[in-house]
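Peer 1: Listed here are the chains, written in short residue letters.
Protein chains: 4
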Amino acid sequence: MTLPFRPATGAPWRARWFHIIFGHDDAPGRLFDVVLIIAILSSILVTVLDSVSDLHDRMSRLFYVLEWVFTLAFTAEYLMRITVVNKPRAYMRSFFGIVDLLAVLPTYLSLFLVGSQYLLVVRALRILRILRILKMTRYVDESNLLWSTLVRSRHKILIFVSTILTLVLIFGALMYLIEGPGNGFSSIPKSMYWAIVTMTTVGFGDITPHTMLGQILTSVIMLVGYSIIAVPTGIFAAELAAGMREARRRIRCASCRLDDHEADAHFCRRCGTALEHGAD
Amino acid sequence: MTLPFRPATGAPWRARWFHIIFGHDDAPGRLFDVVLIIAILSSILVTVLDSVSDLHDRMSRLFYVLEWVFTLAFTAEYLMRITVVNKPRAYMRSFFGIVDLLAVLPTYLSLFLVGSQYLLVVRALRILRILRILKMTRYVDESNLLWSTLVRSRHKILIFVSTILTLVLIFGALMYLIEGPGNGFSSIPKSMYWAIVTMTTVGFGDITPHTMLGQILTSVIMLVGYSIIAVPTGIFAAELAAGMREARRRIRCASCRLDDHEADAHFCRRCGTALEHGAD
Amino acid sequence: MTLPFRPATGAPWRARWFHIIFGHDDAPGRLFDVVLIIAILSSILVTVLDSVSDLHDRMSRLFYVLEWVFTLAFTAEYLMRITVVNKPRAYMRSFFGIVDLLAVLPTYLSLFLVGSQYLLVVRALRILRILRILKMTRYVDESNLLWSTLVRSRHKILIFVSTILTLVLIFGALMYLIEGPGNGFSSIPKSMYWAIVTMTTVGFGDITPHTMLGQILTSVIMLVGYSIIAVPTGIFAAELAAGMREARRRIRCASCRLDDHEADAHFCRRCGTALEHGAD
Amino acid sequence: MTLPFRPATGAPWRARWFHIIFGHDDAPGRLFDVVLIIAILSSILVTVLDSVSDLHDRMSRLFYVLEWVFTLAFTAEYLMRITVVNKPRAYMRSFFGIVDLLAVLPTYLSLFLVGSQYLLVVRALRILRILRILKMTRYVDESNLLWSTLVRSRHKILIFVSTILTLVLIFGALMYLIEGPGNGFSSIPKSMYWAIVTMTTVGFGDITPHTMLGQILTSVIMLVGYSIIAVPTGIFAAELAAGMREARRRIRCASCRLDDHEADAHFCRRCGTALEHGAD
Numbered sequence: 297m298t299l300p301f302r303p304a305t306g307a308p309w310r311a312r313w314f315h316i317i318f319g320h321d322d323a324p325g326r327l328f329d330v331v332l333i334i335a336i337l338s339s340i341l342v343t344v345l346d347s348v349s350d351l352h353d354r355m356s357r358l359f360y361v362l363e364w365v366f367t368l369a370f371t372a373e374y375l376m377r378i379t380v381v382n383k384p385r386a387y388m389r390s391f392f393g394i395v396d397l398l399a400v401l402p403t404y405l406s407l408f409l410v411g412s413q414y415l416l417v418v419r420a421l422r423i424l425r426i427l428r429i430l431k432m433t434r435y436v437d438e439s440n441l442l443w444s445t446l447v448r449s450r451h452k453i454l455i456f457v458s459t460i461l462t463l464v465l466i467f468g469a470l471m472y473l474i475e476g477p478g479n480g481f482s483s484i485p486k487s488m489y490w491a492i493v494t495m496t497t498v499g500f501g502d503i504t505p506h507t508m509l510g511q512i513l514t515s516v517i518m519l520v521g522y523s524i525i526a527v528p529t530g531i532f533a534a535e536l537a538a539g540m541r542e543a544r545r546r547i548r549c550a551s552c553r554l555d556d557h558e559a560d561a562h563f564c565r566r567c568g569t570a571l572e573h574g575a576d
Numbered sequence: 297m298t299l300p301f302r303p304a305t306g307a308p309w310r311a312r313w314f315h316i317i318f319g320h321d322d323a324p325g326r327l328f329d330v331v332l333i334i335a336i337l338s339s340i341l342v343t344v345l346d347s348v349s350d351l352h353d354r355m356s357r358l359f360y361v362l363e364w365v366f367t368l369a370f371t372a373e374y375l376m377r378i379t380v381v382n383k384p385r386a387y388m389r390s391f392f393g394i395v396d397l398l399a400v401l402p403t404y405l406s407l408f409l410v411g412s413q414y415l416l417v418v419r420a421l422r423i424l425r426i427l428r429i430l431k432m433t434r435y436v437d438e439s440n441l442l443w444s445t446l447v448r449s450r451h452k453i454l455i456f457v458s459t460i461l462t463l464v465l466i467f468g469a470l471m472y473l474i475e476g477p478g479n480g481f482s483s484i485p486k487s488m489y490w491a492i493v494t495m496t497t498v499g500f501g502d503i504t505p506h507t508m509l510g511q512i513l514t515s516v517i518m519l520v521g522y523s524i525i526a527v528p529t530g531i532f533a534a535e536l537a538a539g540m541r542e543a544r545r546r547i548r549c550a551s552c553r554l555d556d557h558e559a560d561a562h563f564c565r566r567c568g569t570a571l572e573h574g575a576d
Numbered sequence: 297m298t299l300p301f302r303p304a305t306g307a308p309w310r311a312r313w314f315h316i317i318f319g320h321d322d323a324p325g326r327l328f329d330v331v332l333i334i335a336i337l338s339s340i341l342v343t344v345l346d347s348v349s350d351l352h353d354r355m356s357r358l359f360y361v362l363e364w365v366f367t368l369a370f371t372a373e374y375l376m377r378i379t380v381v382n383k384p385r386a387y388m389r390s391f392f393g394i395v396d397l398l399a400v401l402p403t404y405l406s407l408f409l410v411g412s413q414y415l416l417v418v419r420a421l422r423i424l425r426i427l428r429i430l431k432m433t434r435y436v437d438e439s440n441l442l443w444s445t446l447v448r449s450r451h452k453i454l455i456f457v458s459t460i461l462t463l464v465l466i467f468g469a470l471m472y473l474i475e476g477p478g479n480g481f482s483s484i485p486k487s488m489y490w491a492i493v494t495m496t497t498v499g500f501g502d503i504t505p506h507t508m509l510g511q512i513l514t515s516v517i518m519l520v521g522y523s524i525i526a527v528p529t530g531i532f533a534a535e536l537a538a539g540m541r542e543a544r545r546r547i548r549c550a551s552c553r554l555d556d557h558e559a560d561a562h563f564c565r566r567c568g569t570a571l572e573h574g575a576d
Numbered sequence: 297m298t299l300p301f302r303p304a305t306g307a308p309w310r311a312r313w314f315h316i317i318f319g320h321d322d323a324p325g326r327l328f329d330v331v332l333i334i335a336i337l338s339s340i341l342v343t344v345l346d347s348v349s350d351l352h353d354r355m356s357r358l359f360y361v362l363e364w365v366f367t368l369a370f371t372a373e374y375l376m377r378i379t380v381v382n383k384p385r386a387y388m389r390s391f392f393g394i395v396d397l398l399a400v401l402p403t404y405l406s407l408f409l410v411g412s413q414y415l416l417v418v419r420a421l422r423i424l425r426i427l428r429i430l431k432m433t434r435y436v437d438e439s440n441l442l443w444s445t446l447v448r449s450r451h452k453i454l455i456f457v458s459t460i461l462t463l464v465l466i467f468g469a470l471m472y473l474i475e476g477p478g479n480g481f482s483s484i485p486k487s488m489y490w491a492i493v494t495m496t497t498v499g500f501g502d503i504t505p506h507t508m509l510g511q512i513l514t515s516v517i518m519l520v521g522y523s524i525i526a527v528p529t530g531i532f533a534a535e536l537a538a539g540m541r542e543a544r545r546r547i548r549c550a551s552c553r554l555d556d557h558e559a560d561a562h563f564c565r566r567c568g569t570a571l572e573h574g575a576d
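Chains as they are written, first to last, in the working numbering: chain G, 297 to 576; chain C, 297 to 576; chain F, 297 to 576; chain B, 297 to 576.
There's no promise every hint is true.
Since the list can't tell identical chains apart, any single copy or any two copies may satisfy a pair.
What the hints assert, rightly or not - Derived pair list, reagent style SDA-like, types lysine to any residue, alpha-carbon separation capped at 25 Å:
1) K383 x L397
2) K486 x L345
3) K486 x S523
4) K486 x T459
5) K486 x R354
6) K486 x V520
7) K383 x G476
8) K486 x M508
9) K383 x S444
10) K486 x E363
Everything labelled a hint here was simulated from the structure, so no lab data went into it.
Take these sequences, add in the hints, and give me the full structure.
Peer 2: Structure representation (structure tokens):
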């Protein structure tokens with residue numbers, strides 16, 4: 297897998313730091329990755345814990361200091377990335393460049409706007425960088441298989457989601473007519489929210505049908521929702537099974553034409569002829 | 297895919313408008329489709345938003361005007377379809393003909409009957425026309441595969457649904473006897489509604505068991521419901537996988553015209569003639 | 297499919313009535329089946345509607361009469377079955393013999409014991425006779441495939457259910473220690489009931505965790521429950537797919553030894569040799 | 297399957313008792329297993345029933361005696377295991393050695409610390425010993441297949457769980473910002489708990505969104521949660537199907553000792569030697 301960027305030309309320290317920051321192959325690059333993962337997880341943990349009022353009351357000073365330490369460190373990392381990359385603008389406009397910037401902006405904004413530090417939750421998006429690092433070093437084949445399965449299923453899933461939304465609209469409108477605002481179905485959008493809650497089998501219970509007719513229709517909605525759980529699962533399972541079968545190498549036996557051999561086969565399992573392995 | 301109707305004979309403008317309204321192949325036909333989809337979605341959006349009391353209070357006048365604009369437009373479209381088609385009665389009696397009529401009737405009815413404009417939600421059924429347009433242009437193979445999978449699974453699913461309903465009746469009656477009206481299980485139909493809520497794992501929580509015996513039986517019901525989620529999913533996944541395998545390659549035998557061969561077939565399985573593999 | 301019983305010897309009317317009551321092959325037998333199905337469904341409907349207090353207040357007299365009509369009819373049917381069968385005792389001890397008796401007993405009991413007529417819900421078990429009739433005439437292959445899939449999966453499903461119950465016990469006991477009676481977890485059995493409600497993703501909401509530690513453990517329980525939905529589904533789908541593959545006829549080609557041909561194959565699809573169909 | 301331990305050398309009664317306690321092959325060993333399973337289940341039942349306040353009030357004296365009987369019996373079993381095994385320390389440090397010790401400690405602790413007898417629920421872990429005994433005698437192949445399927449799916453499932461947790465963090469933080477403490481979303485950890493409740497389709501209903509924006513986001517969360525049920529199910533079903541196919545027939549090549557051939561193989565795919573099919 298090739299890196300999306302190359303080191304900046306010029307000073308040799310740039311190339312060295314590029315490999316540390318953007319690379320995942322040698323010891324310093326992997327050390328940087330580990331430190332970065334710990335820093336991202338810690339900074340998210342601080343934001344999460346700061347939202348608990350008990351902890352906020354007792355340790356707001358500590359959280360404040362830690363927030364600024366992480367912000368300054370991420371700022372330094374951001375500037376460093378701009379310095380060592382060959383195309384700084386391309387990086388700044390890339391998805392991860394924008395996430396890296398958004399991860400530090402809220403803290404600076406909070407100096408001028410009270411309350412904007414809560415936007416730090418956007419830092420959660422930096423978790424995607426962790427996933428990306430992991431993806432590069434391991435799990436490449438596995439997540440590619442899962443991803444390509446999703447991509448190949450996209451037409452089927454789109455049809456499925458459209459069908460769900462049509463049903464949600466029709467069921468929601470019917471329940472609004474049957475139950476009415478008196479029983480909590482105060483508008484069609486709210487009825488549609490309730491229909492989604494019901495069809496996905498979540499069932500909060502904040503809104504429930506009270507009329508006999510409403511309960512009969514609800515029974516139908518639930519049975520429909522329960523049955524169509526089968527559809528995306530079936531799509532995904534069938535596509536994944538097909539993808540796993542295809543992952544086996546396909547060599548055609550020159551003698552009997554069997555083309556469904558396992559990856560380590562050297563002789564045809566049907567007629568015993570030696571298989572010719574091509575360029576693949 | 298052949299169209300279900302043909303243009304009316306006589307004046308040539310009829311044939312031209314027929315291709316615009318009923319066709320999906322050339323530029324004017326596709327433009328009409330796009331405008332129709334936008335109109336249907338907008339008219340539904342107006343009905344949905346009009347049911348929100350906040351918006352109704354502030355913008356009922358705008359919604360009223362828009363509703364009449366859409367109704368008159370859809371009426372014109374309906375009359376146009378009758379005019380340009382070769383069999384107006386067949387169209388009027390077809391599923392989409394009835395839906396097209398029902399989509400405009402409630403607004404006219406609301407002139408005489410107060411409150412009947414809420415029946416406009418029937419317009420949601422016109423979404424099916426959108427699905428039909430999309431089905432004609434793309435997703436044909438995919439939705440055919442999903443649909444034929446459902447059709448082939450129908451016997452298995454019918455057995456499954458009968459089993460569920462029998463269990464719902466027996467569990468509902470037992471819970472009515474055990475818990476009784478005092479705990480919300482006020483009748484067998486209501487207990488059956490509760491049994492469906494529980495077996496589909498929706499679990500609103502508006503009715504819950506309070507006796508020890510009722511909670512034990514509820515545990516059994518939930519475990520049964522949880523286990524039989526597996527059945528429709530398994531049916532659908534297995535049928536879809538079989539359908540996908542069969543969809544792979546279809547070669548027609550030059551001798552006996554059989555066109556349903558497996559992917560690795562080199563000879564016709566009916567008459568033994570060698571199959572000619574084309575460019576694919 | 298052979299009938300489990302034979303007609304009683306002696307008077308010829310017994311053999312004729314045996315074929316009408318126990319048989320499903322000729323016109324009178326099928327007519328009897330249809331009448332019986334309608335009678336069973338109607339009698340269940342009467343019992344269900346009688347439990348609705350509104351209807352009971354207005355129509356208890358009608359329901360009372362109908363209940364006795366059905367009871368007398370089913371009693372006549374029961375006595376008839378005993379008369380025309382060759383082994384009356386074997387029938388009376390068989391599953392359906394007991395169900396047929398239990399379906400009429402509660403009405404007679406209600407003459408002596410007030411309230412015992414509610415036991416009529418046991419009549420719901422007669423629905424199984426309907427399923428049996430349907431099974432005999434149609435859906436035989438389909439339900440056999442589903443049933444044999446369940447039977448073949450029984451070891452896997454038993455392991456799965458034991459694992460669930462062990463998890464329920466451990467999670468239930470832990471939640472009882474963490475949350476305690478103050479938050480609704482009043483005993484370990486009640487905590488286990490809650491654990492089943494949560495792991496099966498029903499989630500009534502009548503008991504919910506209130507402590508931080510309880511909510512963390514609940515999150516773990518829910519993720520575990522959510523993940524193991526996959527297991528029974530996977531088991532069933534894989535077994536069903538295997539069963540469907542095996543349902544294809546297996547003939548071995550005498551020339552190339554391929555033994556995976558479709559049901560209507562007359563020539564080997566690989567080498568073109570004519571297939572020899574054995575006794576099968 | 298070889299036992300993890302061997303009998304202690306020296307006195308022959310040790311070897312005999314080792315086979316009774318650790319073995320599952322001969323009659324005395326199986327009798328010991330049955331008695332142990334009954335004792336474990338009974339002791340758990342006593343602990344569970346003792347937590348029900350009604351039963352505790354009436355029968356606390358009986359429960360107290362039974363608890364000490366089981367504790368002394370399990371203590372004797374524990375000491376016996378140490379005596380008859382060849383490596384007592386290895387046993388004491390093994391998983392089951394620790395569980396066996398933890399199962400008796402709480403009762404002794406309760407002599408000094410009031411309330412510690414509730415820790416007896418740890419005895420529930422002894423159920424695993426039951427599963428182990430069953431595993432040894434039956435269900436070996438089945439549970440190995442399920443287990444190896446889980447192991448082979450571990451990379452895919454790890455990717456899946458990380459994705460879920462990332463979504464939970466992002467959705468939880470967004471709902472905390474949108475709904476806020478006033479609607480029950482009092483902190484980000486609590487919002488994350490709610491997000492797990494919602495995405496797993498449990499839906500207790502103790503916390504529900506009240507703002508329009510919150511309900512729209514909740515609809516998205518539910519549809520996402522509903523759709524990704526498909527992923528672990530699909531993974532497991534596809535892997536299990538693959539595992540079942542591989543488990544079919546294993547023939548060892550007489551020349552190169554490869555024993556992992558497909559069901560229709562007639563020649564070794566590694567060295568080309570003809571495979572000898574046995575009686576099977």
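Peer 1: For each hint, tell me whether it holds in the structure or not.
Peer 2: Structure-based check of each hint:
1. K383 x L397: Classified as within: same-chain Cα gap 16 Å, cross-chain 60 Å, threshold 25 Å.
2. K486 x L345: between (33 Å within a copy, 11 Å between copies)
3. K486 x S523: Cα proximity of K486 and S523: in one copy and across copies (24 Å, 22 Å).
4. K486 x T459: Within one copy only: 19 Å inside, 29 Å across.
5. K486 x R354: between (40 Å within a copy, 19 Å between copies)
6. K486 x V520: both (20 Å within a copy, 19 Å between copies)
7. K383 x G476: Close neither inside one copy (59 Å) nor across copies (41 Å); limit 25 Å.
8. K486 x M508: both (20 Å within a copy, 8 Å between copies)
9. K383 x S444: neither (30 Å within a copy, 47 Å between copies)
10. K486 x E363: Result: close only across copies, 21 Å inter versus 39 Å intra.
Against the hints set out earlier in the document, violations occur for numbers 7 and 9.
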